[in-house]
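K.L.:
We have chain A; now place chains B, C, D, E, F, G, H, I and J with the ligands onto it with these hints.
There are 10 protein chains.
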Amino acid sequence: MPESEQDRIPGRYGFDEIAANQLEAWPNSYPERDYVTHFEIPEFTCLCPRSGFPDFATIIIDYVPDKHVVELKSLKLYINTYRNRQISHEASSNAILDDLVELLAPRWMRVVGDFTVRGNIKTVITTEYANPDYQGPRPELKRFLPAIG
Amino acid sequence: MPESEQDRIPGRYGFDEIAANQLEAWPNSYPERDYVTHFEIPEFTCLCPRSGFPDFATIIIDYVPDKHVVELKSLKLYINTYRNRQISHEASSNAILDDLVELLAPRWMRVVGDFTVRGNIKTVITTEYANPDYQGPRPELKRFLPAIG
Amino acid sequence: MPESEQDRIPGRYGFDEIAANQLEAWPNSYPERDYVTHFEIPEFTCLCPRSGFPDFATIIIDYVPDKHVVELKSLKLYINTYRNRQISHEASSNAILDDLVELLAPRWMRVVGDFTVRGNIKTVITTEYANPDYQGPRPELKRFLPAIG
Amino acid sequence: MPESEQDRIPGRYGFDEIAANQLEAWPNSYPERDYVTHFEIPEFTCLCPRSGFPDFATIIIDYVPDKHVVELKSLKLYINTYRNRQISHEASSNAILDDLVELLAPRWMRVVGDFTVRGNIKTVITTEYANPDYQGPRPELKRFLPAIG
Amino acid sequence: MPESEQDRIPGRYGFDEIAANQLEAWPNSYPERDYVTHFEIPEFTCLCPRSGFPDFATIIIDYVPDKHVVELKSLKLYINTYRNRQISHEASSNAILDDLVELLAPRWMRVVGDFTVRGNIKTVITTEYANPDYQGPRPELKRFLPAIG
Amino acid sequence: MPESEQDRIPGRYGFDEIAANQLEAWPNSYPERDYVTHFEIPEFTCLCPRSGFPDFATIIIDYVPDKHVVELKSLKLYINTYRNRQISHEASSNAILDDLVELLAPRWMRVVGDFTVRGNIKTVITTEYANPDYQGPRPELKRFLPAIG
Amino acid sequence: MPESEQDRIPGRYGFDEIAANQLEAWPNSYPERDYVTHFEIPEFTCLCPRSGFPDFATIIIDYVPDKHVVELKSLKLYINTYRNRQISHEASSNAILDDLVELLAPRWMRVVGDFTVRGNIKTVITTEYANPDYQGPRPELKRFLPAIG
Amino acid sequence: MPESEQDRIPGRYGFDEIAANQLEAWPNSYPERDYVTHFEIPEFTCLCPRSGFPDFATIIIDYVPDKHVVELKSLKLYINTYRNRQISHEASSNAILDDLVELLAPRWMRVVGDFTVRGNIKTVITTEYANPDYQGPRPELKRFLPAIG
Amino acid sequence: MPESEQDRIPGRYGFDEIAANQLEAWPNSYPERDYVTHFEIPEFTCLCPRSGFPDFATIIIDYVPDKHVVELKSLKLYINTYRNRQISHEASSNAILDDLVELLAPRWMRVVGDFTVRGNIKTVITTEYANPDYQGPRPELKRFLPAIG
Amino acid sequence: MPESEQDRIPGRYGFDEIAANQLEAWPNSYPERDYVTHFEIPEFTCLCPRSGFPDFATIIIDYVPDKHVVELKSLKLYINTYRNRQISHEASSNAILDDLVELLAPRWMRVVGDFTVRGNIKTVITTEYANPDYQGPRPELKRFLPAIG
Ligand SMILES: [Ca+2]
Ligand SMILES: [Ca+2]
Ligand SMILES: [Ca+2]
Ligand SMILES: [Ca+2]
Ligand SMILES: [Ca+2]
Ligand SMILES: [Ca+2]
Ligand SMILES: [Ca+2]
Ligand SMILES: [Ca+2]
Ligand SMILES: [Ca+2]
Ligand SMILES: [Ca+2]
Ligand SMILES: [Ca+2]
Ligand SMILES: [Ca+2]
Ligand SMILES: [Ca+2]
Ligand SMILES: [Ca+2]
Ligand SMILES: [Ca+2]
Ligand SMILES: [Ca+2]
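So the protein sequences, as listed, match chains A, B, C, D, E, F, G, H, I and J. Going by the UniProt record's numbering, the first residue of the first sequence is number 1, and it counts up by one from there. Going by the UniProt record's numbering, the first residue of the second sequence is number 1, and it counts up by one from there. Going by the UniProt record's numbering, the first residue of the third sequence is number 1, and it counts up by one from there. Going by the UniProt record's numbering, the first residue of the fourth sequence is number 1, and it counts up by one from there. Going by the UniProt record's numbering, the first residue of the fifth sequence is number 1, and it counts up by one from there. Going by the UniProt record's numbering, the first residue of the sixth sequence is number 1, and it counts up by one from there. Going by the UniProt record's numbering, the first residue of the seventh sequence is number 1, and it counts up by one from there. Going by the UniProt record's numbering, the first residue of the eighth sequence is number 1, and it counts up by one from there. Going by the UniProt record's numbering, the first residue of the ninth sequence is number 1, and it counts up by one from there. Going by the UniProt record's numbering, the first residue of the tenth sequence is number 1, and it counts up by one from there.
Check the hints yourself; a few may be wrong.
[What the hints assert, rightly or not] Have a look at the derived ranges for each label pair, beta carbon to beta carbon:
1) J:15 to A:11: 20 to 30 Å
2) G:23 to H:16: 23 to 33 Å
3) A:131 to J:22: 27 to 37 Å
[What the hints assert, rightly or not] Per the computed footprint, the stretches of chain D lying under chain C, defined by three or more beta-carbons under 8 Å from a beta-carbon of chain C, are:
4) 34-47
5) 52-62
Because the hints were derived from the structure by calculation, they are not lab data. For each residue, glycine too, the CB sits at the ideal point set by N, CA and C.
Chain A on its own, in the form it takes in the complex (with noise of 0.2 Å):
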């Protein structure tokens, strides 16, 4: 049988996949249609770049594929890559944008920072990247999940 809790030693192998991860592109297997790909990750935290308290957010990214799709595992890990950083909520929103538009190279992205409250106020940042021949949809924000506060 196992040993108890406090003679264990703690695993690393979380701390390896994240320190090594590259955000990884894979072929979309069906450039012929504007289809929206939604992904909703609720366990986004990073730094505030003026105190270094955490700041938590819901990250949700709509996005349509052109000649790549984001791998999902690759998306998780980069996602962890914000939990030590000391980032605005601007920048942070922002900066997902970028990487994953540099990346993908999509017909269409939005990125959103559902961030909880600070100091009595709520803020959630949404930016946005079009081709500029796009012509396909741009769904409204929806949200699947139950938000957090």
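P.N.:
Same frame as chain A, but now just chains B, C, D, E, F, G, H, I and J with the ligands:
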């Protein structure tokens, strides 16, 4: 009185119906109107192409029939054929659209695959088809059943 | 004091009112405006054309009257006439639209049949009529009562 | 290809199954435990004993089986037999309890009839049976489906 | 860059992990307290013993450990073994309780199987075990995730 | 065809029915059981005794009948008699309890007056009667309709 | 100390204020902007023109003022004048719009009468006015208070 | 016509009423019953004793009156006196209880201070008084208004 | 150990920070994009200009920055300056818009003042500014926190 | 004007405050009452002991103070110390209880760790302490903030 559960031979007709099923088209009795049929199917499950672990989704279909409507029981059995297939979120949503467009040649159709959370990320795929000269309604996505995490 | 329930003769006037009813039109007192009347009727039931088993729906009607409005009690009794009819989801929604358009010649009308789940699939039918030169409001579907599964 | 709806002969097997049905008891495979089975049946309808107009309810049954459990399909068909009966709210809830107690001789059973509003008043009937020496769980009423007005 | 989905060989390690899994017990680090562990597992599926068609449930487990706690990953894999079994609602809920009581010898445990609607009836099974001299908490059932129809 | 609204003479039978009404008791067909009848009446209104301005409430009644049950239509008309009375929140809730206890001599009864906000304060009055030797159920207050502010 | 309720003479100033009230217009301090004022009035009641029985509604007003805004207390008292009037759903909603347009000459105004269920049917009336050359916002209807059945 | 807002002299009677107010007791007309009065006051605000920044709460009072009930308007004005006081969450909840017990000598009373989040922590204080020989109802806390974050 | 609350001298730095505060603009790091910042501030309070009694609101701001963004702490302190001002619903919403437009010269901004009920009427003010040549997003109003009555 | 974000040196005082913090006890000003303090802390995060990946929870604390209450800011900083610790769900919940019982010697305390889903399973730990002769309130768990998945 019947025997207890462990003494009965389990029934198998569900397996047979799923295996024998063909998606079935019926004549549309109201071709003179662009009316919308909305289906919500909260019990979709398939297997992850990377690991073989189960995935779960609600499939939401909206369409405007032209000459044919889909027969409801054959649609239910068709959805059951995914239970043992290894297929990605993007592929299953687009495959359902492909199969129904081929069967029905609808004026307009949208398929949404609303998958439960995997790796802390929720994924929803929205893919759409329209007859080139279609001018009718394209309603915003609307859930009629309570959403599933 | 009255007798107990099992000794009373049940009343039958509801049967008679339903059987005798004609959908009734009244003059529209505000023809100078394109105003919208919304009805929600959560107690529609009919019988499945394949099996004879009961189906249940909420019927949602939105319309812009022209010269006439529908009388509310006659609408309630009309809805009751479906209780013992075998009719599909598509057919009942379109038949209600046909009958009300014939009665009222409205400027615009939409009928939604929001049916409960059958065979693990929820079905909602949306069918619409507009006078060819109608330019007024066509509001997005909105529920005012809590939805029923 | 099948004919259109108006040309088909409606199926009648649902009528026959309801008419032929007997509530059916099966052996309880876990008589050594006081476990609770909860049923929610949102599609009950009957007729008002005063007027003949339809009434609608959700029937909620909780019970602790002794030697027998109720067979689910026979319960569904039994509930359908109320569709054309004129019966009050109190009488239908108590009759369901009477019939199931007679069939199953359960250790404990509670039947709730949660009726929709009539005359601006909502009525809910709760009626309960317990074997005289029953000491097991009597859980507070809990809804698992969204309530219907 | 990786190949497209249809050219990749699907991964199988999930199948292997499920097949090889044994429910695993770990030492309880806090045996001096009657603390409650609550699990909600919204992705249970099995097959109906009468027909072979799929059933879906949320399994809710509350228990007070004695010497052992259940290892979470082995519990997840164990739940997956029901996917291809034909088993009734009563039997699966009681079997999960039997297996976990045998593994853990807990002070108290309750298993709830909250199944989706079948034949217009929703079924929830609640089954409970207590060590004969147990005096600690038996909390009312409480859902922490949104309920599924 | 009927005339327009402004040309019709308004009907008065509602006034007459309310004025003529007496609360009416019917025999209880199930005196052998302590069953609970729950009423929710969301359309109570009266007048403030200090100012004459309107007040609004939902009245919630739970009772266990002894020899008699209240007739539903006479209860609806009785509630309407408060519309033009100046009476406080405490007094109306207790008066409804007094009147129904006098009429029915129930085994147990609870009346709740759930009033809308006045002066930024919401008030709810709960008042209860029990026959001295009553041992039956006294269920916690439960709302079946959505609450009104 | 004050006397008990039954010994006090009820106050009447509310009656007097309602009887004496005139809808009152005040200057709009921000005529340079097309801003929207939204009112929700959940305590509207009037009498049915066919029967004299009470009706209940929430009145929702959205408007863009031009030179004048409505004074809030005079609006509250105006709404109270409907309490003893026999008037249909269509007529009250349109009359409120007529009266406020006459008083304020707004750039745009919409009045919604969201009535509670009568005869198993819920009715909502939406009626709108716009100055012929109005180009400003016409927001979708949005409820800020929880809806009432 | 009135002047525009910036030219009017603001009214001050609210300040005067709050300053002059004394909590006021009225005779209880139903001392023969242990009935419960529930108040929800969602607009409490005071100032933090450490910083002077505002705090916000909903105050929820449940009590069983003995000889006296609290007069509602004097309670509203009393709650307003906290607006400019520096007082902790524990102290304000207990002070309200102290003041009302002193005024009313109730049979039982509970005061809940449900404060909004500060420093990422939500605080709710529940404090209770009972007459030593009190045997009546002590209802579980129940919210009738939607909760505020 | 610290003294008890009544013996401590209350801290005053919050008063000083509010009095000394100036709304502060910071450079926008992403001027190349039309991104939207959404703020929800549920703890706004001011005083009624007619009576001096408190009013409460949630302020919802959406804006597209041009060269500057507002510094969050200075916005929080600015909102606090309204606590002791007598100002109408229309005036406070428009004044917040005026002050922020003057500070930031945004591309687009909308301010919503969602006030709690007064005199049985709920009021919400929506006021908007756009740079004359602005072509970017103007999202529909969306609440991310639960609404307050 | 301040520099843009990328040119500023991030502030570090949050790191220092968390590192320097000691949980702090203050005198209880109301020791004569068994009053309950409830805390909800929705922003707890730690690291999984098996993998090092982040875990997230809401911590819910209810306690009845004896001689001391916990100082709120020191509690917030204490919760932050878990951010970089590898600790299981059971261990963190019990450790918080251990630390607070040691600090405060409360009459009664309950700590709930409501963790987000991992491996498709949601886990909630409830652990409780009571002074041996404690007779006061032990309220059922109640959430005041919306739950997080
Ligand atoms: Ca392809
Ligand atoms: Ca929209
Ligand atoms: Ca046809
Ligand atoms: Ca007219
Ligand atoms: Ca016809
Ligand atoms: Ca819309
Ligand atoms: Ca057995
Ligand atoms: Ca309970
Ligand atoms: Ca230990
Ligand atoms: Ca009898
Ligand atoms: Ca309870
Ligand atoms: Ca001006
Ligand atoms: Ca008296
Ligand atoms: Ca930049
Ligand atoms: Ca003290
Ligand atoms: Ca309880």
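K.L.:
Each hint needs a verdict: does it hold in this structure or not?
P.N.:
Consistency of the hints with the structure:
Take residue 15 of chain J and residue 11 of chain A: their Cβ atoms lie about 26 Å apart, and the range 20 to 30 Å holds. For the pair residue 23 of chain G and residue 16 of chain H, the supplied restraint of 23 to 33 Å holds, since their beta-carbon distance comes to about 29 Å. The hinted window of 27 to 37 Å between residue 131 of chain A and residue 22 of chain J is violated, with their beta carbons roughly 55 Å apart. Restraint check on the stretch 34-47 of chain D versus chain C: 4 residues with Cβ-Cβ distances below 8 Å, three needed, restraint holds.
Judged by the Cβ-Cβ criterion of 8 Å, the stretch 52-62 of chain D is covered by chain C as claimed, because 4 of its residues qualify and three suffice.
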